[in-house]
Structure formats: structure tokens, C-alpha cells
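Using the hints provided, position chain B relative to the given structure of chain A.
Top line first, the protein sequences correspond to chains A and B.
Heads up, the first sequence is in the working numbering, so the first residue is 175 and it goes up one at a time.
Heads up, the second sequence is in the working numbering, so the first residue is 175 and it goes up one at a time.
You may find that some hints are simply not true.
Heads up, the list lumps identical chains together, so a pair's fine if it works in one copy or across two of them.
As the list claims (entries may be wrong) - Here are the computed lysine to aspartate or glutamate pairs in the DMTMM-like style, where the Cα-Cα straight-line distance is at most 20 Å:
{"#": "1", "residue 1": "K277", "residue 2": "E529"}
{"#": "2", "residue 1": "K277", "residue 2": "E525"}
{"#": "3", "residue 1": "K426", "residue 2": "E377"}
{"#": "4", "residue 1": "K253", "residue 2": "E525"}
{"#": "5", "residue 1": "K211", "residue 2": "D483"}
{"#": "6", "residue 1": "K277", "residue 2": "D250"}
{"#": "7", "residue 1": "K383", "residue 2": "E345"}
{"#": "8", "residue 1": "K322", "residue 2": "E524"}
{"#": "9", "residue 1": "K306", "residue 2": "E521"}
{"#": "10", "residue 1": "K306", "residue 2": "E515"}
{"#": "11", "residue 1": "K219", "residue 2": "E486"}
I should point out that these hints are in silico values taken from the structure, not numbers from a laboratory.
There are 2 protein chains.
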Amino acid sequence: MRIAGVIERYRAFMPVQDNTRVISLNEGSTPLIQAYKLSAAIHPKLEIWLKYEGLNPTGSFKDRGMTMAITKAVEDGFKVVMCASTGNTSASAAAYAARAGIKCAVLIPEGKIALGKLSQAMVHGAKVIQIKGNFDEALTLVRQICSKYPICLVNSINPFRIEGQKSGAFEIVDAFDGVAPDFQAMPVGNAGNITAYWKGYKEYKAAGKAANLPRMLGFQAAGSAPIVLGHPVAEPMTYATAIRIGNPASWKTAEEARDESNGVIGMVTDHQIKEAYKLLARTEGVFVEPASAASVAGIIKLSQNGFFDNVEPLYGEMIRLVCILTGHGLKDPDSAIAAAEQPATLEPNEEAILEVLGMLEPAFA
Amino acid sequence: MRIAGVIERYRAFMPVQDNTRVISLNEGSTPLIQAYKLSAAIHPKLEIWLKYEGLNPTGSFKDRGMTMAITKAVEDGFKVVMCASTGNTSASAAAYAARAGIKCAVLIPEGKIALGKLSQAMVHGAKVIQIKGNFDEALTLVRQICSKYPICLVNSINPFRIEGQKSGAFEIVDAFDGVAPDFQAMPVGNAGNITAYWKGYKEYKAAGKAANLPRMLGFQAAGSAPIVLGHPVAEPMTYATAIRIGNPASWKTAEEARDESNGVIGMVTDHQIKEAYKLLARTEGVFVEPASAASVAGIIKLSQNGFFDNVEPLYGEMIRLVCILTGHGLKDPDSAIAAAEQPATLEPNEEAILEVLGMLEPAFA
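One chain only, chain A, in its complex shape:
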């Protein structure tokens, strides 16, 4: 049997009709990887799993919501979709619009975006328009245009995005045969994803498909932590660009997820994010974009503060925790190069190479 996309697999939970034409790239079904070494390094009672959302078709979790948003846009007769975006949203919108055979327009603030980050929107044939203005102006324009013209807005204010994204929670519960983990940790930027996961867990429990609910742990970057600080941040700053958001669209529902689940929304520094980013790549072999590492950085911080010491696991001996890794590291190769040791340059000579490898004594020679 072929593995289908998230709408087909969770059709009863999705706002579609029997005859809805589903626009899908077989998103979802992403790996859930047990992180043995990371768990041991962080806390003796933690059993950490990594939900590797970077293996969605366009390299980020956005595809789960975009399949739903584009499916509804097509059902509602739209021939054009539009978003203001600088990265993952535009890549996903452009790919699904191409798949559907409709147009996609992406508005970006001029000069603020590396051309490489737009390679996906461009290759999928989206109309990419640079606006002489900032991101807020671009988003305002998109909202104005979509309110007047037959163009479907697919930024995160589109409610169908959340409906698709909640499928991540279903997959996690299914992977553990009907049991939600004790904790779920994730980065928080615009806060749509934590909203979606919490909605998914609650719906699955109400349907009798999940025995329990997890406690939700969300992490913002310290320079961009409006929910933690309790007020919008006018000029959000962080190296983790995907969560550099000063006034999250889903602020209120993120707080609900935190409070209803007895969870935490905390913050981590850029230094902590970078260290977690390297740790994931070097100890588990999992390459993420910087924002994704905020979840691991946050767990490390909580653990160091004794947060997990007195937690009683729901089942068994270990505290089960799933980290959502939202995007693939290939989205941002420059960060990888900056974080790594630079290549050595050597003569083509065995001994020189072995010396660099610290292997001058041949054990089997």
C-alpha cells in the first residue's frame, strides 16, 4: 500500500468533502528518530525522540498546512494564491500551487532576503515580487489585495493551515500506538504550530484515539520572545530567522496550549540554539535549520534547572519527550558552514592525512 498525504490519511479530521480534489505531495509520515545519545547527555530519565519535519516535501513542517490551504483554495475556485514571506511559507505555497496548477505570488521586502532562500519559490514558478518597503508593509499589501480580489491568502492567518498542521500530533500518537508522549517540545515563532499540535492532540483524545495529552513545551529565541516577555517586540532579533517574530499571529492560542496542558513557554539564547544545533548534527546525525534547534536548547535549559527531576512518567520508567524539528538544515547551508571546522588542506600524502586524523599508529598494519 502506498503511503498517502496527511489529508487522505486523516480525512475524518480534515475539513474536506467526499468529492474534494486533494492537492498533495505526500507530505507527512516524517521520521520519528530516537535520540539515544542526546537523551543520555541531557537527563537520565529522559527518552527523547526527534520528529524530523525537515523531511516534508519542501523541507519544512509548512507542507502539512499548505496541502490543506491549497486544497481549499482550489475547491473554492481560486486561481491565484498569495503570501508575504521570506522562507518556508513561500517555498511550500509555491510548490503546492504548482502541483494544483494555479498561480502563486510571493511578496518580499526588498534587499532583506538572501536570494538563495527564495530558490524554492522561484523554481516552482511563483511570481516573486520585491517590495520597496519592510515585511509589515508587504503583509499589509497582501491582506489588502486578497480582501478585494479573487486571490486566496495563504499566510498563517488562513485557518486551514492549522487544520493540516495538526496532523503532526496524530502521527506522533499513532507512532506510540495510541499514547501521547509526556512532553512535546517545539520552537515558537508565529505560534501557529504549537496551536495546531495542541488542537490535534485534543481532537485525537476526544475521538478516543489518544489515551492522554502531552504537556506542551514551547521555546522562543531570547531576542524575539514576546510571549515570554508578555508584550510585542518591536525589533525582534535572533540568528534563528524562522522564529524572528515580534508579534505572533497565534499568540492567544499558544498561551492556551501552554496553560491547558500545564506546559511552559520559555526562551533560549542564540548561543544556546547554536550549541543545540551542533549537538543534533554531531551526536545524532540530524541536520536542521537553526530555529528547529530551539526545542533541544529549551529542553537542555529546563533540565539544567531541575525541571524534569521530579516528573513522574505516565508509563514505564522514562519520561518520553518528542522534539519537533521544524525544518531541514539544507534550507540554510551558510549557518552550517559557519558552525563547522573549516577543511584542512594537505599534500596528497598518506602520512599527512593520517596525522590529521590522529591515526599515525596503524593498528592493523
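Just chain B, lined up with the frame of chain A:
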């Protein structure tokens, strides 16, 4: 139930013991996407499916073989693996070595490699060594060193790579409930992958898990087509760098796959590859690295030459064909930017934007 990696899922077909410690990043289980528009555009009798191998953990099909190679390296007691590589192999080797907790060394020819392409090997903590010499010298050194020292060679001459890679064939047959497609199309560079798929199909049929075998279609780039030309190419040239190989390691077994399956190994020009690359991204929403598009380019060429006109499908009305798309487009963002329309720059003004979108007449206004 959690989706496991390829060794666990196809354990009976893999060279492992009951107690083998499996090193996995939950590779495989990649999407098989039906390409409705591409099929209609290429031939009225073709039903084309895309096996999107770019959604393996490190973004290419190499992970299927590397899980097996690193698992065996660890089982055999190696603490270091090594390869000469410029791209996908080094990324995969570095990630799986990190996962295993062993060292990885990558030898590259100095100055021939864009630093971006090595971001994966670097971030996973591989020792990247630039050699003052060309690629052949690097590979020769790797072979010499691995023959004398306790270092496991994980270039494609490592026989376990093929064993893991054959799992792609199993997944395709499983997706179609025990039936292999009429045809499978794929790019051919070093020819290990066509060798692996054919081995997989034959083993699955022998085990009673596949009702039939496909005809194998392989495509080389015209400037790098030793198998088609019948002799090595001293200075292979093609824009599709992942298949720029003048003297394939698995030449003979690729010819066997072609001949035993009544297949074809043909060649396509760089122009044809680029056109197929754009077609995939713009009509199906699937972003691949350039080499992956050689399979689609090859099918288009065969179809134009009447190849499919008199083919009788094994089952039903349509000729079922699976294209292997070997790597993700994010591996090579520069090719995407070069292939696309550049962004327009506009004042933040509704009318200017709508004019560019060709929508000055508001249908719903």
C-alpha cells in the same frame, strides 16, 4: 506503529544478524507521487509516478546504502570511515557516522568544490580534508589508506551500499501491492543505483513478493555517457554534477540490468535535463537536484521517438512507469535560481502588483 528504517523493515533481505546494532536515521519510506500532468504531457498511455528520494534524511538516495554500510562498519569494529566524495556520499557518510558515534573523514580535491556542497559533511563533524590534487588522486589515496589502516571505505565499492539501496525496489513493489511497474527510469552515473534496484526487484520476485519484473530505463548525460558510448570518457562534462562520471564503478552490472530486463540505457543533453528539471518543479511541485531530472528527460526523449507507442501494459490500460528522483533540489539552490525568472521590484502599491500579476480587472471587486 512507528515507521522504521530500511534495514529493520526489510531485515530478511539484509546482511545482518539478529543481534546486529542497526545504525539508522529512519531512511526510506519516501513518497511515491503520481504525476498526472507530467503523464498527460508526455504520452497518453503513460501513468508516471515519482519516487522522491530527496526526502531521505540527508536529502538523497545514498542514505539507503549508507545505513547498511555504517551498520556493518560498526559491527566489524571500525572506529573510522572514509570516502572520497564531493557531494551526496560525503553528506550521508558524515551523518550516519555521527549517528553511530564513529569518525568520518572525507577527502576532496582542492578548489574543485563549492564550500556550500560540503556544508552537510562539515556540520556533522566529519574531518574534511582538501587534497592538492584531483578527484582520482583523492580516491586512490582513500583506497590505499583503507587497505592498510583500520578505516572502513564507504565509497560505492563498499558492497553493503548496494544491499541497502535495493530497498527502493522493495518499497515500489509494496506500494503497488506486489506488482512491479512496467518500467522504472533513473539517472545513471556511477551505476550503483541501477544495479541495486535490479538486484532488489529480482530478490523480491524470487521471494514471491513481486509478481513481475520491470524493464529498466537508465539515462546518462550526453557529455558523460560511457555506457552508451561503449568506452570510458576521460573528461566527463555535464551540468548534472551528480552523474558526471566517466568510468562507472558498476558498469558491468548496469549493462546486466539493462539486458536482463529488456531495458534501455540512453543519454540526454544538458538542455533536455534542464527542461525536465523545470517541468518537474513547475508542473508537479517537485524540486530535485539536476541529475534527478535525467530520468524524466529520458522518458520524454523515448516517448518522442515512439518508444511507448506499441508497449502493452502488464495490467490495465496504462503503462505504469516509476521515475527515481535521486536527490532534493535544496542540495543545489544555485541551479534553481539560475533556472528561474528573477524577482520583480515594485513600489508598495496595489496596482503595480496586480499589473505584474496580470490581474488589473478585479473579478470579484
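Hints, verified against the model:
no., hint, in the structure
1, K277 with E529, "between (56 Å within a copy, 14 Å between copies)"
2, K277 with E525, "between (58 Å within a copy, 18 Å between copies)"
3, K426 with E377, "within (19 Å within a copy, 56 Å between copies)"
4, K253 with E525, "between (63 Å within a copy, 18 Å between copies)"
5, K211 with D483, "within (19 Å within a copy, 56 Å between copies)"
6, K277 with D250, "within (14 Å within a copy, 54 Å between copies)"
7, K383 with E345, "within (11 Å within a copy, 28 Å between copies)"
8, K322 with E524, "between (69 Å within a copy, 10 Å between copies)"
9, K306 with E521, "between (50 Å within a copy, 5 Å between copies)"
10, K306 with E515, "between (38 Å within a copy, 19 Å between copies)"
11, K219 with E486, "within (10 Å within a copy, 60 Å between copies)"
Every hint from the earlier list agrees with this structure, and none is contradicted.
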